[in-house]
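Student: Residue-level listing of the chains:
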Amino acid sequence: MNASSSLQSTNASPPGMLRKGGGFILSVVLLGLTLLALRYYEVDLPIYSLLEGHNRVDPAELHLSGEFVESNLGTAVNADGSYTVRMIAQQYLFVPQCIVVPAGVPVQFRVTSADASHLLSFSGTPYSIQAAPGYVSTAELTFDREGQFPMPCRRFCGPGHYAMRAQLKVVNRDQLANLRPYERITCALR
Amino acid sequence: MRYAKPVLLGRGALSAYLVLVLSLVLLFCKGISQSATRAEVQPTIQIPSNVAWTEETIRLASGGDAFRGLLWSRRCSHCHGSEGFSEEGGIPDLAGLDRLSLWKQLQDFRAGKRRSAAMQPIASGLSDQNIADLAAYFSMLPTSPDPQDNRAFPQPILDRLHTSIAVRLVVFGDAARGIPPCQACHGPVGFIKGAPSLMTQNGTYLRNQMQQFSDGSRANDINVVMRSIVNQLTDVEKTSLAEFYGAGPQSAGGLHP
Chain A
1 MNASSSLQST
11 NASPPGMLRK
21 GGGFILSVVL
31 LGLTLLALRY
41 YEVDLPIYSL
51 LEGHNRVDPA
61 ELHLSGEFVE
71 SNLGTAVNAD
81 GSYTVRMIAQ
91 QYLFVPQCIV
101 VPAGVPVQFR
111 VTSADASHLL
121 SFSGTPYSIQ
131 AAPGYVSTAE
141 LTFDREGQFP
151 MPCRRFCGPG
161 HYAMRAQLKV
171 VNRDQLANLR
181 PYERITCALR
Chain B
1 MRYAKPVLLG
11 RGALSAYLVL
21 VLSLVLLFCK
31 GISQSATRAE
41 VQPTIQIPSN
51 VAWTEETIRL
61 ASGGDAFRGL
71 LWSRRCSHCH
81 GSEGFSEEGG
91 IPDLAGLDRL
101 SLWKQLQDFR
111 AGKRRSAAMQ
121 PIASGLSDQN
131 IADLAAYFSM
141 LPTSPDPQDN
151 RAFPQPILDR
161 LHTSIAVRLV
171 VFGDAARGIP
181 PCQACHGPVG
191 FIKGAPSLMT
201 QNGTYLRNQM
211 QQFSDGSRAN
221 DINVVMRSIV
231 NQLTDVEKTS
241 LAEFYGAGPQ
251 SAGGLHP
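So the sequence lines, in the order shown, correspond to chains A and B.
Using this note's numbering, the first residue of the first sequence is number 1, and each one after it goes up by one.
Using this note's numbering, the first residue of the second sequence is number 1, and each one after it goes up by one.
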């Protein structure tokens, strides 16, 4: 009896801040905290994909249809002149193993996984892209320095994980100027 | 009983809901604009293999009857040996290979995704059930020699340099070139779907297949896995690996149990 009455009394008089426009502040703070938590626990990927809808693929059937068939992998130029790179992460290899991107231009990455969860990281930069089976991870990255950089996998994915490494070749933009819309280029040995 | 007035009602709450709705709308708009700018031309599609490891395929491929496979295998024993070990070097040993890789190769022969003058006509006469039965039969054949057999087999003499090159690739791979260790997929450390065990395979066949992967005459690996790896191997490395695996489990210095 005593406990319930004390509970009522606290509910009946909320702090003053919550009464005048406090709901707004509270909800903004909660929204911000939620977004931060999503980032921190890396659950952003499924949720954003669910909202965007088109970023779902079947990991077992990547080679049969869709944008990750083997002839469509690598660097492509879009109709508006921007660049898109498509890669598959799988046990224990990134395909294509060596990609070419122009320097100083934002490049759209589209990465998915065929089996386990991988983390495509860019050595010398703070960037990394998570590749999860069933989802297409997108990122827009700009590389300023020309050269060749390793892209190791930074999430343990099995016994071959330690040798899972692709190469990123950042070249002058002129070298990619003549890329045709249907062409895909890589620097992997084929 | 008197209940407290809920906090999230009123003018403040209204604006909070507005913020929520706005942020959701912004998220959707981001998605739509991304999909709109991706209108582009796709090159002609090349499909390496019609086999995809879906639940349905795995169920079909592993649901064979080994006894029916034994009856069908009388056609195979002429080249692949009555116990799954072939007499000739270029012909693969099928004993003890897993069902999924046998299924995939026969399906690819049948669909013309993997070329072979001998195997394509044979595979074209097989149904899905036949293939599953054969895979079940060959996967059950023993790979170890008969313990009661007292014949002395000549032990192959391995080149020490070649062995060290091969052992390094098999155990560690080469991270600088992005070559994963062979044993992570082909056993015994790990297996992935469709990757056969190489422990008891013959060396001539392995050397031929590596050559075919690198010159493009064999291209039925899903998502360019084997082509990407083999294309980076030098000729010496290919030969070393073929010699190493071809020497069998006994001569590998205890690497394979």
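Derived by calculation from the structure, the hints in this document are not laboratory data.
A few of these clues could be false.
[Stated by the list, open to error] Distance condition first, Cα-Cα at most 20 Å in a straight line; then the derived DMTMM-like pairs of lysine to aspartate or glutamate:
id, chain 1, residue 1, chain 2, residue 2
1, B, K113, A, E183
2, B, K193, B, E56
3, B, K113, B, D215
4, B, K113, A, D80
5, A, K169, A, E183
6, B, K193, B, D98
7, B, K193, B, E243
8, B, K193, A, E183
9, B, K238, A, E140
[Said to hold, decoys possible] So, partial list: chain B residues that the calculated Cβ filter (under 8 Å) puts toward chain A:
id, residue
10, Q42
11, T44
12, I47
13, W53
14, L70
15, S73
16, S77
17, H80
18, V171
19, G173
20, A175
21, G178
22, I179
23, P181
24, S228
25, T234
Every residue gets a Cβ at the ideal spot worked out from N, C-alpha and C, and that includes glycine.
Student: Now, for every hint given, state plainly whether the structure supports it.
Tutor: Status of the hints after comparison with the structure:
A hinted pair counts as satisfied when its Cα atoms are at most 20 Å apart, and K113 of chain B with E183 of chain A does not qualify at roughly 24 Å. With a C-alpha separation of about 14 Å, the suggested pairing of K193 of chain B with E56 of chain B holds against the 20 Å cut-off. Under the criterion of a C-alpha separation no larger than 20 Å, the hint pairing K113 of chain B with D215 of chain B is consistent with the structure, at around 15 Å. Restraint check for K113 of chain B and D80 of chain A: the C-alpha separation of about 37 Å exceeds 20 Å, so the hint is violated.
The suggested pairing of K169 of chain A with E183 of chain A holds, with an alpha-carbon distance near 18 Å, which does not exceed 20 Å. Of the pairs offered as hints, the one joining K193 of chain B and D98 of chain B holds, with about 9 Å between alpha carbons and a cut-off of 20 Å not exceeded. Simply put, K193 of chain B and E243 of chain B have alpha-carbon atoms about 25 Å apart, too far for the 20 Å limit, and the pair is violated. Distance restraint check for K193 of chain B and E183 of chain A: the Cα-Cα separation of roughly 31 Å exceeds the 20 Å cut-off, and the hinted pair is therefore not satisfied.
Restraint check for K238 of chain B and E140 of chain A: not satisfied, since their Cα atoms lie roughly 39 Å apart, outside the 20 Å limit. For Q42 of chain B, the suggested interface contact is upheld, since its CB lies about 6 Å from the closest CB of chain A, less than 8 Å. Given hint, T44 of chain B at the interface with chain A, holds; its Cβ is 7 Å from that chain's nearest Cβ, closer than 8 Å. With its C-beta approaching chain A no nearer than about 6 Å, I47 of chain B sits inside the 8 Å limit, and its interface hint holds.
With its C-beta approaching chain A no nearer than about 5 Å, W53 of chain B sits inside the 8 Å limit, and its interface hint holds. Interface hint status for L70 of chain B: violated, as the beta-carbon distance to the closest one in chain A is roughly 31 Å, over 8 Å. Evaluation of the S73 of chain B hint against chain A yields a violated restraint, the C-beta minimum of about 29 Å exceeding 8 Å. Annotation: interface hint on S77 of chain B violated; nearest CB of chain A at approximately 33 Å, more than 8 Å.
Hint on H80 of chain B is violated. Least Cβ distance to chain A is approximately 28 Å, over the 8 Å limit. For V171 of chain B, the shortest C-beta to C-beta distance to chain A is roughly 10 Å, which exceeds 8 Å, and the interface hint is violated. The beta carbon of G173 of chain B is positioned within 8 Å of a beta carbon in chain A (closest approach about 4 Å), and the interface hint is therefore held. For A175 of chain B, the shortest C-beta to C-beta distance to chain A is roughly 4 Å, which falls under 8 Å, so the interface hint holds.
A cut of 8 Å between beta carbons decides the hint on G178 of chain B: the least distance to chain A is about 5 Å, and the hint holds. Taking 8 Å as the C-beta cut-off, the interface hint given for I179 of chain B holds, the closest approach to chain A being about 6 Å. A hinted interface residue such as P181 of chain B counts as satisfied when its beta carbon comes closer than 8 Å to some beta carbon of chain A; here the least separation is about 5 Å, so the hint holds. Evaluation of the S228 of chain B hint against chain A yields a held restraint, the C-beta minimum of about 5 Å falling below 8 Å.
With 8 Å as the threshold, the beta carbon of T234 of chain B stays out of range of chain A, its nearest partner Cβ sitting at about 11 Å, so the hint is violated.
Hints 1, 4, 7, 8, 9, 14, 15, 16, 17, 18, 25, counting from the list given before, are not met by this structure.
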